[in-house]
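Enquirer: Listed here are the chains, written in short residue letters.
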Amino acid sequence: MTGRLKTFTLGGIHPEENKLSANAPIEVLPLPKQAIIPMGQNLGAPSKPIVNRGDEVKVGQLIAEAGGFISANIHSPVSGKVLKIDNVPDASGYKRTGIVINVEGDEWDESIDRSDDIRENIELDGKEIIERIKEKGLVGMGGATFPTYVKLMPPPGKTADYLLINGVECEPYLTSDHRLMLEKGKEILIGTKILMKALNVEKAIIGIENNKPDAINHMTELAKAYEGIEVQALKVQYPQGGEKQLIKAVLNREVPSGKLPIEVGCVVQNVGTAFAVYEAVQKNKPLIERVVTVTGKAVKKPSNFMVRIGTPVQELIDAAEGLPESTGKVINGGPMMGKALASLEVPVVKGSSGILLMPESESHRKPENSCIRCSKCTYVCPMGLEPFLLSKAAKVGRFDIAEKELVMDCIECGSCQYTCPASIPLLDYLRLGKTMVGAIIRNRKK
Amino acid sequence: MDNIVIIAVSALGGLGLIAAVILYFIANKFKVYEDPRIDEVEEALPSANCGGCGFPGCRAFAEATVKEAKEHKSLEGLNCPVGGNDVMQEVGKILGLEVEQQAPLIAVVRCNGSTANSPAKIQYEGATSCTFAHALYAGEGGCQYGCLGLGDCVDACDFDAIHMNPETALPEVNDKCTACGACVEACPRDIIELRKRGPKERRIFVSCVNKEKGGPAKKNCAVACIGCGKCEKVCNFDAITITSFLAYIDFQKCTLCRKCVEVCPTDAIWEVNFKPRKPKVPKPGAEEVKKVPETKKEIEVAPAEPKPQEDKKEEVPKDNKE
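So the sequence lines, in the order shown, correspond to chains A and B. The first sequence runs 0 to 445 under numbering that gives the first Met the number 0. The second sequence runs 0 to 321 under numbering that gives the first Met the number 0.
To be clear, the hints were calculated from the coordinates, so they are not data collected in a lab. Fair warning: this is a prediction, and the values are worked out from it, not measured in the lab. Any given hint could turn out to be false.
[Said to hold, decoys possible] Derived, one-sided and incomplete: chain A residues facing chain B with beta-carbon distance under 10 Å:
{"#": "1", "residue": "K338"}
{"#": "2", "residue": "S374"}
{"#": "3", "residue": "P424"}
{"#": "4", "residue": "M435"}
[As the list claims (entries may be wrong)] As a list, the in silico PhoX-like pairs of lysine-lysine whose alpha-carbon atoms are at most 20 Å apart:
{"#": "5", "chain 1": "B", "residue 1": "K66", "chain 2": "A", "residue 2": "K94"}
{"#": "6", "chain 1": "A", "residue 1": "K338", "chain 2": "A", "residue 2": "K328"}
{"#": "7", "chain 1": "B", "residue 1": "K212", "chain 2": "A", "residue 2": "K83"}
{"#": "8", "chain 1": "A", "residue 1": "K391", "chain 2": "A", "residue 2": "K375"}
{"#": "9", "chain 1": "B", "residue 1": "K120", "chain 2": "A", "residue 2": "K94"}
[Claimed, not checked] Sample of chain B residues with no beta-carbon within 12 Å of chain A, all distances over it, derived:
{"#": "10", "residue": "A19"}
{"#": "11", "residue": "K66"}
{"#": "12", "residue": "D154"}
Note that beta-carbon positions come from the ideal geometry of N, C-alpha and C, so glycine has one too.
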């Protein structure tokens, strides 16, 4: 079995792929009339606005500063006038501080290089690269939105020897990373080189799931010109794109429970992040736009759009030729880990990778039944946990058991709930357990 | 044959006797003195083991009272909300101390975002846990402060005193409430508050916890407090304060004059267990809303209890039940 593809060893599932928009080239979406920029776009502390009502802003101008160590700067994605700084609803319906900008023209900050030329030469040194990445507000583009610069600064005593670039895109339906690799392959590779320089590592591996043969071929071809970068095809298995799963699959290293990938000498970055790194370092361009997939079985034109941050979701759906009548649910992200949107007025943020329109017939959960102890959830759990036990512990409030059984290791991939024949909301209770145990641990530290 | 029986019985009996003597001396030697009053106090407590007093169970509370009585000669800060004044008097008698009368409390649900007042814009499917839903999204009606209606408070109650009303999708407290505070702890949105039961179970409170500005609050819920400040102005007793667009009535200062209820433009202020007032100048459309507090009559019995403040007796006839 020499031809066997690499994959992670524990659990995993294979949901229907439904990559409907895989052949749709990235289109640049027209500017919105109004951009809404929430302050809490990254994992960690929300950013603090530094502009005032009525201020004129340019594209790329800093409008909010990082609110802590784990936080990120936010730059204006549009040019125009600040209409208000007020509470705006985010994807969950909660109102949080945001900046609303009335778009006027498209005037860019002069320091940004807007040409299409590819700049190969990396002029900055490691420290300057990290500083630039921090300044330009880069966060992980895979969805977790962890500030990128923090990942590039390993804690004292730890060093990385491998950089992994995550081009897996194991979520069904989503194709934004796929298209980015096909269309901006060279930029991604230069971005990878920049990250390697910042981390001071010699080797980088780009992991791509085997359902994207065109991307694998394209990237392998391009990577020949870059020393130290390899492309690795991976088996199609969800959640291959999970950080810990990817490390296990590519390097056969296991991240210990409760630890970060740096523990085993790895740093994982998304291809989208690598592209953003290229733009920030070589073109001085902050993170103001990203690729978003708009897809769904009933969508007339499943597409991939290059969208400015702050564009309302409604405009993306309009550009994909409207909301199909049968739509029952609009999901921000993929079908496995995404969350349903409470309203279509919410904006695209740094972590939005896709907008999925689910038909009514598929958007409801089945009624919950009793657990029949089939152990399917345990079998598919990629972290080797026992979801049935953890969810029960969380349900009855035994958070001590949940903590002992390592609920905090759950990556919330949803494989357990997907596979459960009794349709038990396992992931819901796991998330509840994580919230509560996390709070207990934080209180204990105080 | 007889011999064996006799030997066996006497041997075992002798052993038992020796063991008893040894145990007697050991028990005397290692005796731990325990105040007998602890047992007496525990006997007087309701044995609900609810934790409402802040101690893990009635026994721990009994120990704490005896210790406090020994050290400080007072029971200040110690109260069994379930037993109420009677039990605390009893405890005081056992310990030979005066116990201050405490006004009895009751849990009050401060949200009126029923299915009619705050119609659902989205649909929630998932675990029936308010704590989880609170972390996930704002709410079906769009109000991020209001009741999620999944019943964490009902699960927390040991006294069968709080139940969901399927019509309004809001919890309702009945007279079994002992003010143990379990539901207050369980609610992730701090909607439930312990308030004074009030004379004849009459209470006035703001049935809203929305801290948004008037416009956005009203958009999601017809009966939200918009923070207009009318009640604050009309109150003669400084009982009402408005912080971040939300009125709060201090039940220690409130004299139940009901002026604030009249002026509230959104009917966010509730009066409970009052006699229906004479129709003077009926506000347009106010009547059916004003009925709401009465249908949500929480308490049927009005226990005799000391009157901590003067209420306007002459205006309110004694018989307020229908």
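Enquirer: All hints, please: hold or fail.
Expert: Now for the hints, and whether the structure bears them out:
no.	hint	in the structure
1	K338	7 Å, holds
2	S374	21 Å, violated
3	P424	5 Å, holds
4	M435	7 Å, holds
5	B:K66 - A:K94	49 Å, violated
6	A:K338 - A:K328	10 Å, holds
7	B:K212 - A:K83	15 Å, holds
8	A:K391 - A:K375	15 Å, holds
9	B:K120 - A:K94	16 Å, holds
10	A19	43 Å, holds
11	K66	27 Å, holds
12	D154	9 Å, violated
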